[in-house]
Amino acid sequence: MADNKTTQASGAASGAAPGGGAAPAAAAPTPGLPGVSGDRPVKIVGIVCNWCSYAGADTAGVGRFRQPPNVRLVRVPCTGRIDPLFALKAFQKGADGVLISGCHPGDCHYSEGNYYARRRFELLERMVHYLGIPKERFRWTWVSASEGQRWQQVVTEFVAAVEKLGPREGRAL
Amino acid sequence: MRIGVFVCHCGSNIAGTVDVAEVARRALTLKDVVHAEHIMYTCSEPGQAAIQKAIREKNLDRVVVAACSPHMHEVTFRRCVEAGGLNPYLFEMANIREHCSWIHTDMPVATEKAWDIVKMAVAKARRLEPLFANEVEVCKDVLVIGGGVAGIQAALDLADAGLKVTIVEKETTIGGVMAKLDKTFPTIDCSACILTPRMVDCAQHENIELMTYSEVEKVSGYVGNFTVDIRRKAAKVDWSKCIGCEICVQKCPSKAPDKFNAYLEPTKAIYIPFPQAVPKRAAIQVDYCRYFQTGKCKVCERVCPAGAIDYEQQDQIIQKRFGAIVVATGLDVFPWEQYYHEYGSGKIKDVISGLQYERMLNASGPYGGHVHRPSNGEEPKTVVFIQCVGSRDESVNRPYCSSVCCMYTAKQALLTKDHCGMDTEVYVFYIDIRATGKGYEEFIKRVQTEFGVKYVRGRVSKLYEENGKVIVRGVDTLLGEQVEIAADLVVLASGIQAAPGAKELAQKLNISYDEFGFLKEGHPKLRPVDTNTAGVFLAGACQGPKDIPSTVAQASATAAKVVGLLAKDKLKTSPMIAVVDQRNCVACWKCLEVCPFSAPEKQEVRPGDFRSHVIETVCQGCGLCVATCPVNCISLKGFPTDAILEQIEEVLLT
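These protein sequence lines are chains A and B, in that order.
Under our numbering, the first residue of the first sequence carries the number 1, and numbering increases by one thereafter.
Under our numbering, the first residue of the second sequence carries the number 1, and numbering increases by one thereafter.
Simulated from the structure, these hints should not be mistaken for laboratory data.
Since the structure is predicted, the reported quantities are computational estimates derived from the model, not experimental observations.
A virtual CB, placed ideally from N, CA and C, is assigned to each residue, including glycine.
Worth double-checking, as some hints may not be accurate.
Cβ pair distances, simulated, as ranges [claimed, not checked]:
1) A/L85 with B/D160: 23 to 33 Å
2) B/L28 with A/L85: 25 to 35 Å
3) A/R126 with B/P528: 37 to 47 Å
4) B/T477 with A/A161: 23 to 33 Å
Cut-off 27 Å, straight-line C-alpha distance, at most; resulting in silico cross-link-like pairs (BS3-like, lysine-lysine) [claimed, not checked]:
5) B/K590 with B/K170
6) A/K89 with B/K637
7) B/K561 with B/K590
8) B/K31 with A/K89
9) B/K637 with B/K570
10) B/K164 with B/K58
11) B/K218 with A/K93
12) B/K590 with B/K525
13) B/K570 with B/K140
14) B/K454 with B/K218
15) B/K546 with B/K572
16) B/K233 with B/K183
17) A/K164 with A/K93
18) A/K93 with B/K31
19) B/K590 with A/K89
Just a few of them, taken from the derived set where beta-carbon distance is under 10 Å, the chain A residues facing chain B [to be verified]:
20) P41
21) A60
22) P69
23) A117
24) R118
25) L124
26) E125
27) R126
28) H129
29) G132
30) A160
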């Protein structure tokens with residue numbers, strides 16, 4: 001099941017310091033952009049649904065959960081709105097990573113949009129490899145509006161994974 | 001095109017981490033941007049005035065505000081630009097606070113990111129078009145889910161305001177948890193004396209319909225026009241005939257667990273939860289009924305003077321329309337037996353939960369208010385209360401404070417002295433005393449000084465039986481000593497958790513909930529009783545643990561919000577919806593297949609030529625059909641594909 005891998009991650013998200021203060025996982029300051037093998041920081045395009053993951057990122061902000069600064073978010077109403085071509089467009093234009101996040105299965109604000117998204121991105125995840133893009137550069141997951149810490153964790157882990165691969169050379173797919 | 005960019009300092013919230021002047025300066029270099037400035041508090045009156053002034057003087061036709069989350073102030077700024085003479089949908093927000101300044105510490109890094117976010121917002125603004133809201137008729141009936149004190153208060157307020165209210169309650173009677181309580185803190189006034197008249201008011205109010213022993217099955221529609229399927233469970237008793245005489249209960253030969261009395265003593269298979277039940281109607285618990293299990297008995301049918309018993313009765317699904325929904329599903333008591341094995345897992349008879357003690361104290365409870373040891377029926381001489389059982393305990397996944405246990409323990413400690421005599425030894429083990437309500441701290445002090453209840457700061461590590469006593473072994477952290485007390489009765493201040501089924505109901509209503517199953521409000525301070533689904537509101541402990549005064553206050557607040565919503569005859573719908581370019585539609589009907597709301601329909605554009613058409617007032621604007629359409633002939637207003645692609649491109653330009 002696609003959601004299994006996300007529930008594992010969410011389990012670890014509980015129990016960090018409440019309120020302000022940096023959580024230990026991301027306490028490392030980010031002067032410049034460390035851990036980048038190339039000459040520029042990696043840039044990641046995130047496409048998130050308005051109701052869960054965008055709000056989850058807001059919750060992370062309100063809680064001051066520090067994150068690496070490499071992700072730029074595009075807000076859409078629902079992950080069901082996301083054409084897989086958006087992700088490919090981002091890769092074509094030089095994104096080093098693409099992150100898609102929406103509501104947990106069962107929690108979609110529009111009832112079913114994330115189920116369609118799940119099918120689309122499960123397929124895309126298997127496909128990007130054939131376009132010369134390591135699948136580690138593409139991630140889709142679920143973060144709810146109350147999961148600020150989980151958002152921090154998702155961003156921190158994904159940025160680390162993409163930084164490990166470094167910036168992509170060239171623009172074309 | 002003439003775009004104005006306004007970068008907010010938000011005091012030091014943004015300006016402390018982002019060089020707002022630099023972002024505004026760079027914004028001026030963007031194509032189409034003719035005005036950029038940075039403002040101390042953009043949402044304030046002078047801030048909004050500055051936007052409106054710039055719209056006028058610079059003849060702006062698009063506005064971008066780089067500030068907080070759109071969830072916070074998008075509506076505020078849409079209103080602001082509208083008052084300034086622009087269409088409210090020619091506005092875009094760049095979130096440089098929650099998504100930038102609050103999560104980064106390094107100013108150059110945060111400034112670069114904020115700059116990217118502003119560029120993306122400007123790119124999107126270029127693609128915005130004026131949008132106009134539709135209006136729909138509003139159904140003025142309200143559904144209240146849950147008949148506890150929150151639901152009762154909300155229903156009465158709404159009904160008094162002239163709205164028709166339906167209360168759906170899953171038990172056979174309304175009243176909820178409060179109906180089980182003996183006294184309420186800090187006044188020690190009788191819970192039933194406050195609640196039961198309100199229950200009767202609900203039953204008799206001309207604008208309230210009670211649907212007890214019913215549950216919400218399915219919810220569809222949207223604000224102003226919800227359609228709800230309600231399952232009326234089969235009580236196996238015809239309630240139109242039942243007179244609540246309780247003869248069937250007295251004569252029934254089968255025992256069944258008594259949920260209302262916290263399982264202290266069994267009830268009968270046919271039962272009425274308590275004498276003041278509203279409506280006072282009997283129901284059969286089929287799993288425990290001798291007739292349903294063996295096919296023989298029918299005692300209740302024989303003794304019923306009203307001929308109300310109906311063994312053939314089946315569940316009914318009743319469909320109703322509502323304009324707004326109030327969720328007041330309340331709470332459940334933490335099932336300590338499953339978690340606290342060091343306290344005996346429920347196997348020590350003289351260790352009971354706070355709610356069980358409440359029923360023991362209650363004059364209408366199974367023991368008529370006689371406090372005694374369940375093991376031998378004797379009056380206890382030493383009573384120990386243990387607080388925070390299932391609260392503030394990460395080891396049982398309940399890290400939150402249940403907020404009522406300190407106070408109800410103090411109340412029960414006082415009542416113990418009252419029932420068993422002042423010479424009874426009463427101890428309370430606590431972590432901290434949280435007495436934040438009006439008159440609460442004074443109450444705790446009174447319990448400690450006037451009633452001589454001994455408060456021991458520390459945790460109890462083990463409970464075990466020895467020589468007919470319960471040995472309480474704990475620590476007094478103030479004295480730094482081990483403590484051991486031989487108690488006759490131990491009462492655990494079991495905490496609050498979300499009601500069973502709260503999560504499933506939230507999914508039916510498309511509202512958010514947290515990891516503990518408590519329902520999420522729209523914003524803790526700006527929209528505390530709203531949810532993120534328009535037309536669905538919250539009241540009481542379903543949103544988080546709270547005491548009766550807070551619950552009632554929240555229920556009244558919710559009622560006021562609902563009245564405000566339904567005061568209008570027509571509601572404006574969001575214009576950010578899907579629209580079909582019928583020239584390119586190939587009539588594959590994939591949009592009809594995927595739409596969760598049945599918004600697209602087949603429209604005959606010429607005789608025999610059908611194309612897809614999205615019904616404006618039904619579309620909720622999710623955009624699922626847009627991504628599904630194989631020929632890209634559907635677009636989503638407010639989120640056009642071009643805007644999304646150009647946002648992506650903008651951020652990747654170097």
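Quickly compare the C-alpha distance for B/K218 and A/K93 to 27 Å and report which way the hint goes.
violated, 44 Å
Would the hint linking B/K570 and B/K140 be met if the CA-CA limit is 27 Å?
holds, 10 Å
B/K590 and B/K525: Cα distance at most 27 Å?
Judged against 27 Å, a Cα distance of about 42 Å means the pair is violated.
For the hint on A/E125, just tell me whether its beta-carbon gets within less than 10 Å of chain B.
violated, 17 Å
Status of the A/P41 interface restraint (C-beta, 10 Å, chain B):
This interface hint holds because 9 Å falls under the 10 Å limit.
Holds or violated: is the Cβ of A/H129 closer than 10 Å to a Cβ in chain B?
Violated. Min distance 21 Å.
Supplied contact hint for A/R118, tested at 10 Å Cβ to chain B
violated, 12 Å
Would you mind confirming whether the straight-line C-alpha gap from B/K590 to A/K89 stays at or under 27 Å?
Holds - the C-alpha atoms of A/K89 and B/K590 are around 24 Å apart, at most 27 Å.
Supplied contact hint for A/R126, tested at 10 Å Cβ to chain B:
violated, 19 Å
Is it true that the C-beta distance of A/R126 to B/P528 lies inside 37 to 47 Å, as the hint says?
holds, 44 Å
Against the 27 Å threshold, does the CA-CA distance of B/K233 and B/K183 hold or violate the hint?
The given pair, whose Cα atoms are some 32 Å apart, is violated under the 27 Å limit.
Is 23 to 33 Å respected by the C-beta to C-beta distance linking B/T477 and A/A161?
violated, 45 Å
When the structure is compared with the earlier hints, violations turn up for hints 1, 4, 5, 7, 10, 11, 12, 14, 15, 16, 24, 25, 26, 27, 28, 29, 30 and for no others.
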